[in-house]
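First residue of the sequence shown: 3, per this note's numbering; consecutive thereafter.
Derived from the structure by calculation, the hints contain no laboratory data. Wrong hints could be hidden among the right ones.
[Claimed, not checked] Here are the simulated DMTMM-like cross-link-like pairs (lysine to aspartate or glutamate), alpha carbons at most 20 Å apart as the crow flies:
1. LYS152 - GLU222
2. LYS162 - ASP175
3. LYS118 - ASP73
4. LYS109 - ASP91
5. LYS72 - GLU19
6. LYS237 - GLU257
7. LYS101 - GLU116
8. LYS109 - GLU257
9. LYS72 - GLU26
10. LYS185 - ASP115
11. LYS59 - GLU22
12. LYS50 - ASP65
13. LYS80 - GLU116
14. LYS152 - GLU138
15. LYS64 - ASP91
16. LYS64 - GLU19
17. LYS152 - ASP73
18. LYS59 - ASP23
19. LYS59 - GLU26
20. LYS260 - GLU138
21. LYS72 - GLU138
22. LYS163 - GLU138
23. LYS185 - GLU47
24. LYS59 - GLU19
25. LYS137 - ASP108
26. LYS7 - ASP23
27. LYS237 - GLU36
28. LYS64 - GLU47
29. LYS152 - GLU116
30. LYS80 - ASP91
31. LYS7 - GLU36
32. LYS101 - GLU138
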Amino acid sequence: MALRKCIQFCPYLDLIEGYEDLGEFGRKQQYCTEALVFMIRGIHENYKFPFAYFLSKNSVNKDNLLTLVKDCITMVNKYGFNVIATVCDQSSVNQSAIKKLGVTPDKPLFHIDEIKIYVIFNAIHLFKNICNRLKENDFYVNGNKTVSWKDILNTFLLDKKYKRGRSIGHLSDAHTNLNSFQKMSAHLATQIFSHKTSSAIKTANTTQALQSSTAMDTAEFLERMNNLVDILNSKHNFTSNPFSCAISNQNNLVEILKSFSTWIESWRIKVKPKSKVREILP
Numbered sequence: 003m004a005l006r007k008c009i010q011f012c013p014y015l016d017l018i019e020g021y022e023d024l025g026e027f028g029r030k031q032q033y034c035t036e037a038l039v040f041m042i043r044g045i046h047e048n049y050k051f052p053f054a055y056f057l058s059k060n061s062v063n064k065d066n067l068l069t070l071v072k073d074c075i076t077m078v079n080k081y082g083f084n085v086i087a088t089v090c091d092q093s094s095v096n097q098s099a100i101k102k103l104g105v106t107p108d109k110p111l112f113h114i115d116e117i118k119i120y121v122i123f124n125a126i127h128l129f130k131n132i133c134n135r136l137k138e139n140d141f142y143v144n145g146n147k148t149v150s151w152k153d154i155l156n157t158f159l160l161d162k163k164y165k166r167g168r169s170i171g172h173l174s175d176a177h178t179n180l181n182s183f184q185k186m187s188a189h190l191a192t193q194i195f196s197h198k199t200s201s202a203i204k205t206a207n208t209t210q211a212l213q214s215s216t217a218m219d220t221a222e223f224l225e226r227m228n229n230l231v232d233i234l235n236s237k238h239n240f241t242s243n244p245f246s247c248a249i250s251n252q253n254n255l256v257e258i259l260k261s262f263s264t265w266i267e268s269w270r271i272k273v274k275p276k277s278k279v280r281e282i283l284p
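Can you build the whole structure from these sequences, using the hints too?
This is the structure:
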């Protein structure tokens, strides 16, 4: 979490806040610019509670982060909670710390006091990263399909001309012309990966308003991403949308997620201007 530089006296703690403070790693007389926050979130019960924060000038290094994570998990378990997983974004420091714990795609967990702790990357942040990469490079899927940001942009520009009865009224200039802060918005990314956007591209291409050889591939990609967003954001046992149901033995969502994994592994990008195709990480 980014912070604005500011110092103030805290009478409760009897100290000046706003300087770097990493708990057991001590304080430094330099302005903090980031806050590392630890929060517990219920699985069976709907609650969340921030219980610790650490202030740093820049990102906490991987060794200190690893120690803080282990200490926080141990403390939370000590007070009667049962930590079963950690959730974080894909920052380079987080990834380095996770690798140091021995976590791999085939072994997505580590142990603390013989307790299994699973590691999960925040799915919404993954969608944001995918969306930002798509704006920079076309995706090549399954070796024979091309997904292009131009199809999304041109469909939006066509739809924007109609002030009444827009097909993708949920999209705005903020979705297609992002500034540095908007690129960090996961909400904007999930709105692009939607059934409405996919349907609008198909309609524009079928009516020849959008003349693009990659339009149908892009529409199919958005539809599949929409379904993946629904699965990973499911909250209820039963809904009219089968992809929004909670994962259970009563449905085949686990098998569908496995098929998504295979599909994502087929993604490639072409780096311009060298036009060299290389693999991207999902």
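The hints, checked one at a time:
| no. | hint | result |
| --- | --- | --- |
| 1 | LYS152 - GLU222 | 15 Å, holds |
| 2 | LYS162 - ASP175 | 10 Å, holds |
| 3 | LYS118 - ASP73 | 15 Å, holds |
| 4 | LYS109 - ASP91 | 18 Å, holds |
| 5 | LYS72 - GLU19 | 25 Å, violated |
| 6 | LYS237 - GLU257 | 19 Å, holds |
| 7 | LYS101 - GLU116 | 19 Å, holds |
| 8 | LYS109 - GLU257 | 19 Å, holds |
| 9 | LYS72 - GLU26 | 13 Å, holds |
| 10 | LYS185 - ASP115 | 39 Å, violated |
| 11 | LYS59 - GLU22 | 6 Å, holds |
| 12 | LYS50 - ASP65 | 27 Å, violated |
| 13 | LYS80 - GLU116 | 14 Å, holds |
| 14 | LYS152 - GLU138 | 10 Å, holds |
| 15 | LYS64 - ASP91 | 14 Å, holds |
| 16 | LYS64 - GLU19 | 24 Å, violated |
| 17 | LYS152 - ASP73 | 47 Å, violated |
| 18 | LYS59 - ASP23 | 9 Å, holds |
| 19 | LYS59 - GLU26 | 16 Å, holds |
| 20 | LYS260 - GLU138 | 27 Å, violated |
| 21 | LYS72 - GLU138 | 37 Å, violated |
| 22 | LYS163 - GLU138 | 25 Å, violated |
| 23 | LYS185 - GLU47 | 32 Å, violated |
| 24 | LYS59 - GLU19 | 13 Å, holds |
| 25 | LYS137 - ASP108 | 30 Å, violated |
| 26 | LYS7 - ASP23 | 14 Å, holds |
| 27 | LYS237 - GLU36 | 31 Å, violated |
| 28 | LYS64 - GLU47 | 32 Å, violated |
| 29 | LYS152 - GLU116 | 50 Å, violated |
| 30 | LYS80 - ASP91 | 26 Å, violated |
| 31 | LYS7 - GLU36 | 9 Å, holds |
| 32 | LYS101 - GLU138 | 28 Å, violated |
This entry does not satisfy hints 5, 10, 12, 16, 17, 20, 21, 22, 23, 25, 27, 28, 29, 30, 32, going by the numbered hints stated previously.
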